[in-house]
Structures are given as structure tokens and as C-alpha cells.
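Participant: In order, the protein sequences belong to chains A and B. Residues in the first sequence are numbered consecutively from 1, following the working numbering. Residues in the second sequence are numbered consecutively from 152, following the working numbering.
Calculated from the structure, these hints are not laboratory results. Glycine included, every Cβ here is placed at the ideal spot set by N, Cα and C. A couple of the hints might just be wrong.
What the hints assert, rightly or not - Here are the computed lysine to aspartate or glutamate pairs in the EDC-like style, where the Cα-Cα straight-line distance is at most 16 Å:
(1) LYS75/A x GLU110/A
(2) LYS176/B x ASP294/B
(3) LYS251/B x GLU110/A
(4) LYS141/A x ASP294/B
(5) LYS141/A x ASP255/B
(6) LYS141/A x ASP238/B
To be verified - Now the in silico label distances, taken between C-beta atoms and shown as ranges:
(7) GLY55/A x ALA210/B: 27 to 35 Å
(8) ALA115/A x LYS228/B: 29 to 37 Å
(9) GLY125/A x LYS295/B: 23 to 31 Å
(10) GLY125/A x ARG188/B: 29 to 37 Å
(11) ARG188/B x CYS80/A: 44 to 52 Å
(12) LYS275/B x LEU95/A: 17 to 25 Å
(13) LYS271/B x GLU144/A: 38 to 46 Å
As the list claims (entries may be wrong) - Among chain B residues calculated to face chain A with C-beta under 10 Å, some are:
(14) ARG171
(15) LEU284
(16) THR293
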Amino acid sequence: MQKSTFVYATYIRTTPEKLWAALTQPEFIRQYFFGATQESTWKPGAAWKMTLPDGTLTDAGEVLEIDPPRRLVLKWRNECKPEARAEGYSRMTYLIEPGSGSIKLTVTHEIDKPASKLIESVSNGWPVIMASLKSLLETGKALEEEAPCKH
Amino acid sequence: MTRKNDIMKKPKLVYETYIRSTPKKTWDAITKPEFTRQYWAGVANVSDWKKGSAWQHLAPENEVWVTGKVVECTPPKRLVLTWADPDKLKDVSRVTFEIKPVEDMVCLTVTHDNFKAGSKMVGKVSWGWPRVLSSMKSFLETDKGLNIFAGC
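The shape of chain B in the complex, shown without the other chains (with noise of 0.2 Å):
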């Protein structure tokens, strides 16, 4: 993760990355099911994608690993979601993707934050977001994802 803000601060997890896609093919990758699934460690990100609904983060088996609400949707340049444990609703924190195009490629920066005191989500996401974005590029650009969760 790049930056985490002092312990006195509330923690702001931010990574950007660079990609050689358009920010279409990007946008997809993020909202279309069977696209993540082949980068995300077979995960899909399932809603309407509009505004107030709900969205799902689904493992291969359809148990929810995150679920959440669908806070603003501007294809394809910012989606912004709340995200939870199902388990712990009240940990919620939130998630903005911004999609910027650069010459040919995309800049891609997501940023997590508005995590609750004493959040346990900020310790996963922060071992997550790297791996699940280098896979993302990995898949745009080679359109094969990584094996990011092996061993976990």
C-alpha cells in the first residue's frame, strides 16, 4: 500500500497503478462478474451498479465475502462503494476507484478509507488491494490474471 496516514490520523489506504487498457476495458474488470473472476482469486463484484443499490462481493462458492452499498457510479471514471464484512455491518468502510486516461494507457487509484475506530478491515484490505490490482493489470495487459491468494 502507498501511504498510510500517522497512527494519530484515521487510516487512508491509497494505490495507484498504471495500466495499458482503456478506461472502458478497465471499468469492466472492475464491475463485469466474469471478468473479475478471472483476476480477483475467482471473486465477483455483482449489483446493477446504480446508485443506492447494493453490491456484492461473491467467492466461488456465492458466499458473500463483502457486501455494501453502491454510493456514486460514473462509467467509466469513478465508482465509489461502502464495504463491509457481512458478518460485521457496522465495520463499514469505504472504497473509491477513479479511472484516468493517460496517452495510452490508464490511471487507476483506488482508495479505502473512512474505516470505523479499531476497524479489522484495514489490515486486510491493506495485504489485499496490492495483490488483487497487480493481478488486475496482469490481466489487461496479458489477459491472464496472478494466483494472488495462493498460500494465504
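So here's chain A without its partners, still in its complex pose (with noise of 0.2 Å):
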């Protein structure tokens, strides 16, 4: 079957566990994530959403997937963009792999889809974020603006 994936690795000076509490709780993902947060009970099925801080819903979907503090797998439906929306459930997975002096964080996302503007649309935004969350873990400053890159 034909898909859209997006792959995207980066290393970080930190270790799994401070990692993985800022990809799951909502008031560390706020400072990285542009004012976007996510709430889930971070159990296998659970409900899972993102919000703007007006409490416009973004995303939603459920947890396919959860071993902290190594892998993550949500079930990813856009909920704002109606193009996006109609494509229907993608896979976001997080990978955190220890290293020596760094840890290592993949974001993989994919849809059973080929061309799907929702894979467009999140290889504009995890670049971004994650730069933003290695800057946040790092120096304890997040980067303030999600200007995307023009080319």
C-alpha cells in the first residue's frame, strides 16, 4: 500500500525520563509546543487531544501504544482543517533510544495514504517543534516562534 510518512530524528542532551515527562505532560508540551498542549490518561486506548489555548481542538485521536519511557504510538486524526480531517486516522509514533551523552527522539508520522496533506501539513510543524523541545530541555528556554522556514 502506498503511504506518507514523515521521519524525523534528533539527539538531546537529557535522559528518557525527563524526555518522556515532556512529550506526555501537558505543562511541559505547552512551553515547546507554541501554546498547543495534549491531554491523555496515557493508557492503552485512551482518548488522546491536542488544544490551542483558546481550547480550539486541533487533534484527536486515541494511545495505540505506551512503554515510558520508550514509545509512544497515538492514533492522529486532524480535527480543524477539513482536507486534513477527511483523510482520517494517521500514526504518530515517538521513539526515545539512549545513547552515550545523548538521547535520541524519533518522530515518525504516516498515513495509509500516498500525497496526504496532513503529512504535508506536520513535516512543516515537527521540525520546528522539535528544535523548540531540544532548546527547552537543554537551556531550559523553549524557542518563542513557530515562523516557519520559507523556501
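Got two chains here, each in a separate frame; can you build the complex from them with the hints?
Facilitator: Now the structure itself:
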């Protein structure tokens, strides 16, 4: 089957436990996700959602797999852009791999559909979010502007 | 690595990151050996960085790991290099660094493309770029690179 896949790896000077907290605690997420946050009870099958500071629901789904502090798989559907929402559910995986001196975090976002609008959209978002997360964990200060790089 | 095109197409690696730094400091981090050595596993990028000049990627023992020519050099915005293993000069590819200021940070995009058919370099650099650029960001933001090639 044809798929659309986005993969991004970053290396962060932190511990798996701190990184896991940063990926799953709403008040932590808000700091590097440019105000958006995510909520869930983080149990297999539990509901998951992402909201903006004004309460707008942007994405929702459920927890497919959770193995702290190593792996989180979410079922993920866009809820605010009709064209992306119509594509249905995607899968987003965070994989944490410890190394010497830094932790590798890989984000894989995929959908069983060629030329996906959702994957195109998240491809523009993940690099700056991962950069902001890395800055927050390494310097205590996230990035402030969600300005995408114009190519 | 962010995007790898379909197998039918030629591979193109694109890695984008955002660094709380200035274009000048980011440019220096790529082109000055005293900086590259601090975050790029001890390696130095050496050249006079003029169009048409040679450049070398020198290991700590001065062994040449990568060599090529400067195709385009527009400080502190855009640097285009050819890239080849000195033992396999026919397997040449191209690297483009683009630096754009965005508020109090820069957007750095590294594109590695123009690989020859069956190139052995694709696998090596898709392993390396996320490591090197993560370490560069740490170096520019915290003055300390990452131990990126540990265990390899």
C-alpha cells in the first residue's frame, strides 16, 4: 500500500525520563509546542487530544501503544482542517533511544495514503517543535516563534 | 532525516532545524575549523571558502574524510559544496546549507542531493546529518556539542 511518511530524528542532552515527561505532561508540552498542548490519561486505548490556548481542538485520537520511557504510538486525526480531517487517522510514533551523552528521539508520522495533506502539514511543524523541545531541555528555554522556514 | 523521496526518484535528504543564534555565528560554526572541531566529532572543515576552491573535511589526525569543491558561497546565507569520499571521487554528491534569520533564531536547512546512482554515500549521510546538526544546535545554544559519533 502507498503511504505518506515523515521521519525526523533529533539528539538531545537529557535523560529518557525527562524526555518522556516533556512528551506527555500538558504543562511541559505547552512550553515547546508554541502554546498548544496535549491531554490524555496515557493508558492504552485512552482518548488523546491536542488543543490551542483558546480551547480550539486541533487534533484528536487515542493511545495505541505506550511503553514509558521508550515508545508512544498515537492514532491521530486532524480536527480543524477539513481537507486533512477527511484523510482519517494517521499514526504518530515517538521512539526514545538512549545513547552515550545524548538521547535520540525519532518522530514518525505516517498515513496509509499517498500524497497526504496531513503529512505535508505536519512535515512543516515537527522540525520547529523538535528544535524547541531540544532547546527547552538543554537550556531551560524553548523557542518563541513558530515561524516556519520559507523555502 | 526528514524526507526521502520515492525509490524511483533520486534520493534527496533534507534536514531542517531552528537554532537560537545569529546567521553569522551559524555560518562560522559551519566554516571555521576551531568551531566545527567542537561539535562535529573533532572534524575540521577547511577551505578558503571561495567559489571553485577545494574544501576538506579533516579528521583529528588530519586524515581527509570528505573532499570537494565550493560551488557557491554567500556568507552568511548559502553555501553549496560538492561532497565525496577521497577514495571514491566518482561517487560525488552535493550539500547545500541555507541559513535564514527568523526572529531571535535561525532556520538552518541542509539539503544533500545529486547522488550518483547506487551511491554508498546516501546511507552514511542520512545517519550522520541528524547527529551533526543536533550537536551544532547544542553547541550554538549551550557552548557544548554532543558526543555524536559515540559507539559507532
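Participant: Now tell me if each hint is right for this structure.
Facilitator: Do the hints match the structure? See the list:
1. LYS75/A x GLU110/A: holds (10 Å)
2. LYS176/B x ASP294/B: holds (12 Å)
3. LYS251/B x GLU110/A: violated (28 Å)
4. LYS141/A x ASP294/B: Measuring from Cα to Cα gives roughly 15 Å; hence the hint holds.
5. LYS141/A x ASP255/B: Distance of about 13 Å is within 16 Å: holds.
6. LYS141/A x ASP238/B: violated (44 Å)
7. GLY55/A x ALA210/B: 27 to 35 Å: violated (54 Å)
8. ALA115/A x LYS228/B: 29 to 37 Å: holds (31 Å)
9. GLY125/A x LYS295/B: 23 to 31 Å: holds (28 Å)
10. GLY125/A x ARG188/B: 29 to 37 Å: Roughly 33 Å apart at Cβ, these two residues keep to the hinted range, so it holds.
11. ARG188/B x CYS80/A: 44 to 52 Å: Given a distance of about 46 Å, which is inside 44 to 52 Å, the answer is holds.
12. LYS275/B x LEU95/A: 17 to 25 Å: Since LYS275/B and LEU95/A have Cβ atoms about 21 Å apart, the given range 17 to 25 Å holds.
13. LYS271/B x GLU144/A: 38 to 46 Å: Cβ of LYS271/B to Cβ of GLU144/A: about 41 Å, so the range 38 to 46 Å holds.
14. ARG171: Because about 6 Å separates ARG171/B from the closest Cβ in chain A, which is inside the 10 Å limit, the hint holds.
15. LEU284: holds (9 Å)
16. THR293: holds (5 Å)
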